[in-house]
Amino acid sequence: MNLGAWGEARRRAREQGDFSALIALIPYAGFLGVQVRLEEGEPRFRLPYRPSFIGAVAAKRLHGGVTAGFLENAATLHLLLTQDEPRVPKSIDFSIDYLRGGEAAELHASCSLVRQGRRVALVQVRCWQDDSREVALARVHFLLSNPAGDGT
Amino acid sequence: MTDSDFYTALAERFVVSVPHMQECGMRVDSLDARHGQMSLPFRREWLGDIERGRIHTGVVTTLVDSVGGLAVICAVGRSCAVATLDLRVDYLRPAVAGRALHCRAECHRMTSTIAFVRARVWQDGEADDCAVAQGSFMWSLESKPVA
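Protein sequences appear in the order of chains P and X. Per the working numbering, the first sequence starts with residue 4, numbered consecutively. Per the working numbering, the second sequence starts with residue 4, numbered consecutively.
Source of the hints: derived by calculation from the structure; they are not laboratory data. Mixed in with the good hints there might be a few duds.
[To be verified] Derived lysine to any residue pairs resembling SDA-like cross-links, with alpha carbons at most 25 angstroms apart:
id, chain 1, residue 1, chain 2, residue 2
1, P, Lys93, X, Gln137
2, P, Lys93, X, Ser115
3, P, Lys93, X, Arg121
4, P, Lys63, P, Glu109
5, P, Lys63, X, Thr116
6, P, Lys93, X, Val99
7, P, Lys63, X, Ile53
8, P, Lys63, P, Arg15
9, P, Lys93, X, Tyr10
10, P, Lys93, X, Cys83
11, P, Lys63, X, Glu129
12, P, Lys93, X, Glu48
13, P, Lys93, X, Thr116
14, P, Lys63, X, Cys83
15, P, Lys93, X, Met113
16, P, Lys93, X, Phe45
[To be verified] Derived, one-sided and incomplete: chain P residues facing chain X with beta-carbon distance under 10 angstroms:
id, residue
17, Trp9
18, Gly10
19, Gly33
20, Phe56
21, Ala59
22, Ala61
23, Trp131
Note that the Cβ used here is the ideal one computed from N, Cα and C, for glycine as well.
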């Protein structure tokens with residue numbers, strides 16, 4: 004049992020603004036290159052562009068999976084940073100609406116916790132490019148860790 | 004080009020024509036006018052939870068989005084531009100480390116602009132789904148962006 008790794012990574016993120024330990028615990032976030040910063044205490048997410056994110060070459064649009072994967076990571080990290088989950092919460096389901104094709108440029112996201120029950124939380128994610136061009140809206144239902152810490 | 008030539012060529016060039024699918028190492032396993040099926044070999048960087056050894060659900064979604072797009076092109080039966088309108092994925096059980104993901108998608112209704120797709124994702128046995136999904140895609144025979 005290594006609950007300490009998550010707790011320590013979260014402490015470094017919250018107190019020192021150093022998110023590297025947290026990202027290191029989520030290899031797929033590292034693969035995509037998800038970046039986090041706190042803006043007035045609220046996590047803000049950024050995904051720098053790279054050419055291998057393209058899904059439609061002729062139209063030069065991002066692969067929908069890149070946007071979706073980024074937003075799922077944002078929702079998970081938001082919950083980890085703003086709540087006291089002892090580890091990565093499990094996703095129950097995910098839903099995304101694409102508002103526009105993603106341009107070949109960096110993505111930004113912010114999240115809101117719509118509802119937190121005892122066992123389930125709903126996180127909504129907004130994704131945009133270039134300040135205000137909305138690209139997608141997504142939501143994730145998470146199964147929260149058992150307070151007794153039995154790992155379910 | 005005959006129908007079977009089109010599907011043979013599509014199976015060969017689909018992944019190499021899409022940079023992100025190529026980066027992830029996806030493979031087309033089978034396709035015809037009614038379905039597309041692809042797999043994604045395991046990599047350590049797919050993990051979403053290093054302690055529990057589980058594949059990140061975002062990786063599952065990326066595969067679903069890819070195979071959904073393939074199923075639309077298969078249903079159209081010729082080269083076309085495809086853009087995802089929305090996608091909903093239910094994560095029935097965790098996808099575990101060390102095993103490939105497989106996804107099969109079928110287009111169950113087409114209009115002149117929209118394709119409705121259902122997909123399933125599994126690891127070992129096809130009867131043991133780790134995710135099911137449905138999505139709507141826009142399609143167009145023009146090569147310019149459709150959304």
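Here is how each hint holds up against the structure:
Note on Lys93 (chain P) and Gln137 (chain X): the hinted pairing holds, with a Cα-Cα distance of about 20 angstroms set against a maximum of 25 angstroms. For the given pair, Lys93 (chain P) sits about 38 angstroms from Ser115 (chain X) by alpha-carbon distance, which is inconsistent with the 25 angstroms threshold. A hinted pair counts as satisfied when its Cα atoms are at most 25 angstroms apart, and Lys93 (chain P) with Arg121 (chain X) qualifies at roughly 23 angstroms. The suggested pairing of Lys63 (chain P) with Glu109 (chain P) holds, with an alpha-carbon distance near 13 angstroms, which does not exceed 25 angstroms.
Distance check on the hinted pair: Lys63 (chain P) and Thr116 (chain X) sit about 20 angstroms apart at the alpha-carbon level, within 25 angstroms; holds. Only pairs whose Cα atoms come within 25 angstroms are accepted, and Lys93 (chain P) paired with Val99 (chain X) is accepted, the gap being roughly 13 angstroms. For the given pair, Lys63 (chain P) sits about 33 angstroms from Ile53 (chain X) by alpha-carbon distance, which is inconsistent with the 25 angstroms threshold. Only pairs whose Cα atoms come within 25 angstroms are accepted, and Lys63 (chain P) paired with Arg15 (chain P) is rejected, the gap being roughly 38 angstroms.
Using a Cα cut-off of 25 angstroms, the hinted pair Lys93 (chain P) and Tyr10 (chain X) is violated, with the two alpha carbons roughly 38 angstroms apart. Of the supplied pair hints, the one linking Lys93 (chain P) and Cys83 (chain X) is violated, its CA atoms being roughly 36 angstroms apart against a limit of 25 angstroms. Proposed proximity of Lys63 (chain P) and Glu129 (chain X) is contradicted: the alpha carbons are some 34 angstroms apart, above 25 angstroms. A threshold of 25 angstroms between alpha carbons decides the hint, and for Lys93 (chain P) with Glu48 (chain X) the separation of about 18 angstroms falls inside it, so the pair holds.
Between the alpha carbons of Lys93 (chain P) and Thr116 (chain X) the distance comes to roughly 35 angstroms, so the proposed pair goes past 25 angstroms and is violated. A threshold of 25 angstroms between alpha carbons decides the hint, and for Lys63 (chain P) with Cys83 (chain X) the separation of about 15 angstroms falls inside it, so the pair holds. At roughly 34 angstroms between alpha-carbon atoms, Lys93 (chain P) and Met113 (chain X) are farther apart than 25 angstroms, so this suggested pair is violated. Distance restraint check for Lys93 (chain P) and Phe45 (chain X): the Cα-Cα separation of roughly 20 angstroms lies within the 25 angstroms cut-off, and the hinted pair is therefore satisfied.
Given the 10 angstroms rule on beta carbons, the hint for Trp9 (chain P) holds: about 8 angstroms separates it from the nearest Cβ of chain X. Below 10 angstroms, beta-carbon pairs count as interface contacts, and Gly10 (chain P) has none with chain X, the closest being about 12 angstroms; its hint is therefore violated. Interface restraint check: Gly33 (chain P) against chain X, minimum CB-CB distance 7 angstroms, threshold 10 angstroms, status holds. Proximity of Phe56 (chain P) to chain X holds as hinted, the smallest CB-CB distance being about 6 angstroms (cut-off 10 angstroms).
A distance limit of 10 angstroms between C-beta atoms decides the matter here; for Ala59 (chain P) the minimum to chain X is near 7 angstroms, and the interface restraint holds. For the restraint placing Ala61 (chain P) at the interface with chain X, the shortest Cβ-Cβ distance is roughly 5 angstroms, inside the 10 angstroms limit, so the hint holds. For Trp131 (chain P), the interface hint is violated, since its Cβ never comes within 10 angstroms of a Cβ in chain X; the closest pair sits about 16 angstroms apart.
Going down the numbered hints, you'll see the structure goes against 2, 7, 8, 9, 10, 11, 13, 15, 18 and 23, while the others check out.
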